[in-house]
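Peer 1: Since the structure of chain A is already known, use the hints to place chain B on it.
2 protein chains.
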Amino acid sequence: MADNRPIGIFDSGLGGLTVVREIIKILPNEDLVYLGDTARVPYGTRSKETIIKFSFEDAEFLLTKNVKCIIIACNTASSVAASVLKKELDVPVFDVIGPALRDARMISGNGKIGMIGTRATVASGAYKDTFGIACPLLVPFIEEGEINSGALELVVKNYLKGFEKTKIKALILGCTHYPIIEELIRRVIGGGIKLVNPEKSVSIATKKYLIEHKMLSDKQGQGRRTYFVTDLTDRFKSVAEMFLGHSINGYLKKVIIG
Amino acid sequence: MADNRPIGIFDSGLGGLTVVREIIKILPNEDLVYLGDTARVPYGTRSKETIIKFSFEDAEFLLTKNVKCIIIACNTASSVAASVLKKELDVPVFDVIGPALRDARMISGNGKIGMIGTRATVASGAYKDTFGIACPLLVPFIEEGEINSGALELVVKNYLKGFEKTKIKALILGCTHYPIIEELIRRVIGGGIKLVNPEKSVSIATKKYLIEHKMLSDKQGQGRRTYFVTDLTDRFKSVAEMFLGHSINGYLKKVIIG
Chain A
5 MADNRPIGIF DSGLGGLTVV REIIKILPNE DLVYLGDTAR VPYGTRSKET IIKFSFEDAE
65 FLLTKNVKCI IIACNTASSV AASVLKKELD VPVFDVIGPA LRDARMISGN GKIGMIGTRA
125 TVASGAYKDT FGIACPLLVP FIEEGEINSG ALELVVKNYL KGFEKTKIKA LILGCTHYPI
185 IEELIRRVIG GGIKLVNPEK SVSIATKKYL IEHKMLSDKQ GQGRRTYFVT DLTDRFKSVA
245 EMFLGHSING YLKKVIIG
Chain B
5 MADNRPIGIF DSGLGGLTVV REIIKILPNE DLVYLGDTAR VPYGTRSKET IIKFSFEDAE
65 FLLTKNVKCI IIACNTASSV AASVLKKELD VPVFDVIGPA LRDARMISGN GKIGMIGTRA
125 TVASGAYKDT FGIACPLLVP FIEEGEINSG ALELVVKNYL KGFEKTKIKA LILGCTHYPI
185 IEELIRRVIG GGIKLVNPEK SVSIATKKYL IEHKMLSDKQ GQGRRTYFVT DLTDRFKSVA
245 EMFLGHSING YLKKVIIG
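If you're matching them up, the sequences are chains A and B in order.
Its first residue numbered 5, the first sequence is counted upward by one per residue in the working numbering.
Its first residue numbered 5, the second sequence is counted upward by one per residue in the working numbering.
Bound conformation, chain A alone:
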């Protein structure tokens, strides 16, 4: 038994492509449909109500592409809209939070878990029993490609200072952008604290589910990957390639939703 429909993945923008990168690594022959809501990015500063509305519109678009499951590759949308989407949609829905939390608990034993993310993700409390610090300036720096600047290092140091008092054993990178500056974060936080990458966690959880439910594709060769965005600029293309780690020239299409 097999299910050859594509896996659907959405994000508020292009950060979710770090999930696509992980999925491609461990499920190379699966077809993928990605939607980045670049016309309305970022979700992290918006109200709960608006984030839920946008997330539904994103998921509905993916369903028109006949996806077999949906990965919410956005921490903000996962924290605010995942429970509603899981209840309302007819396909399995995965979010980046649950799997990351399970991995962090395993790694940290009984130790404390730290988390960094957008203001909305931290405020949602979705990363339960973690010590969260909102780092709203990291996304703009990363999207500008300013990842080696002294100013970014100052900003990161300033944010992570908040963990000095709380002895944490693991730190969840609670925003899809952060793996891009994982080395800088590791250097600043130091002290043998283990970093948890939710993009890896959700990809492994999705693979496990598809195996257990006999929903893997049995197609041979490299899967077909289609990337949709709600707004397209030259800049988005280069940012997309930074996240994905390879060129997608000609594979990025614009759609209007909402």
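Mixed in with the good hints, there may be bad ones.
Since copy identity is lost for identical chains, a pair holds within one copy or between any two.
Claimed, not checked - List of simulated lysine-lysine pairs, PhoX-like, C-alpha gap at most 25 Å: (1) K90 x K212; (2) K52 x K257; (3) K241 x K52; (4) K132 x K57; (5) K72 x K57; (6) K223 x K72; (7) K69 x K212; (8) K57 x K257; (9) K258 x K57; (10) K198 x K165; (11) K173 x K116.
Read the hints as simulated data drawn from the structure, not as lab findings.
Peer 2: For chain B alone, coordinates are given in the frame of chain A:
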């Protein structure tokens, strides 16, 4: 003769409230209707096509409030969508660019004019014959209220370095947020370079037009000011008050457009 309809002002978010602040100073008895498209802010990173679509939707909302004129208080929308709006709408449309350019030319004499703004504003070339530098990280810092941080100073120094080779006489603050850090910019740029604030320029130009066309209000006392946003969070309220310089508790209403 008088025209007691309100003045309409729109912006991609809350930065345009720096225009409201100037209008209130010089036209205190005019009624105002402000729309901030906070559900879709920022416009500065989006495509031309999308910015024009959003700007039309903003203007159409203001027209339902029976405004006598419209001020585009957003540099990005002014640079990309002003000419289309001026052609298509039945009320006078003012943008922040023309008046600022005229003021900068007067101040600089025959000297060169510098401009800083978002990526989209600079790329549009709308500030004609100026030397533009895109400063995309300034808006996130200002919206986070991180206006006294060492990291911001580093970022500003780094951007303004670009003016070292070109001897400019005046610098246009080509983004509604920048007046908030005017003192920092003045300190870093130094050298007797005069700063031009487009919010002041457009307010004076609007007043002049209304006088010449006998369209001023003849109402007595303080005008009625109504603020609409397309998304509302507690944070937006405090950011709005930072831009406006006074409390608007109870005057911020949410509307859905687009």
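Peer 1: Each hint should be assessed against the structure and marked as holding or not.
Peer 2: Right, here's what the structure says about each hint:
1. Taking the closest pair of Cα atoms, K90 and K212 come within 25 Å of each other only inside a single copy of the chain (18 Å); across copies the shortest separation is 57 Å, beyond that limit.
2. Taking the closest pair of Cα atoms, K52 and K257 come within 25 Å of each other only across two copies (16 Å); inside a single copy the shortest separation is 28 Å, beyond that limit.
3. For the identical chains of this complex, K241 and K52 are inter-copy neighbours only, at 16 Å across copies versus 29 Å inside a copy, given an alpha-carbon limit of 25 Å.
4. Proximity of K132 and K57 under a CA criterion of 25 Å is satisfied intra-copy only: 24 Å inside one chain copy versus 40 Å between copies.
5. With identical chains, the CA atoms of K72 and K57 are at most 25 Å apart within one copy only, with a shortest distance of 22 Å there and 33 Å across copies.
6. In this homomeric assembly, K223 and K72 come within 25 Å of each other (Cα to Cα) only inside a single copy, at 15 Å, whereas the closest approach across copies is 62 Å.
7. Taking the shortest Cα distances, K69 and K212 sit within 25 Å of each other inside one copy (23 Å), while across copies they are farther apart (55 Å).
8. For a Cα distance limit of 25 Å, the shortest separation of K57 from K257 qualifies both inside one copy, at 22 Å, and across copies, at 19 Å.
9. In this assembly of identical chains, the alpha carbons of K258 and K57 lie at most 25 Å apart whether taken from the same copy (20 Å) or from different copies (15 Å).
10. For the identical chains of this complex, K198 and K165 are intra-copy neighbours only, at 17 Å inside a copy versus 39 Å across copies, given an alpha-carbon limit of 25 Å.
11. Taking the closest pair of Cα atoms, K173 and K116 come within 25 Å of each other only inside a single copy of the chain (6 Å); across copies the shortest separation is 56 Å, beyond that limit.
In terms of the numbered hints stated before, the structure departs from none.
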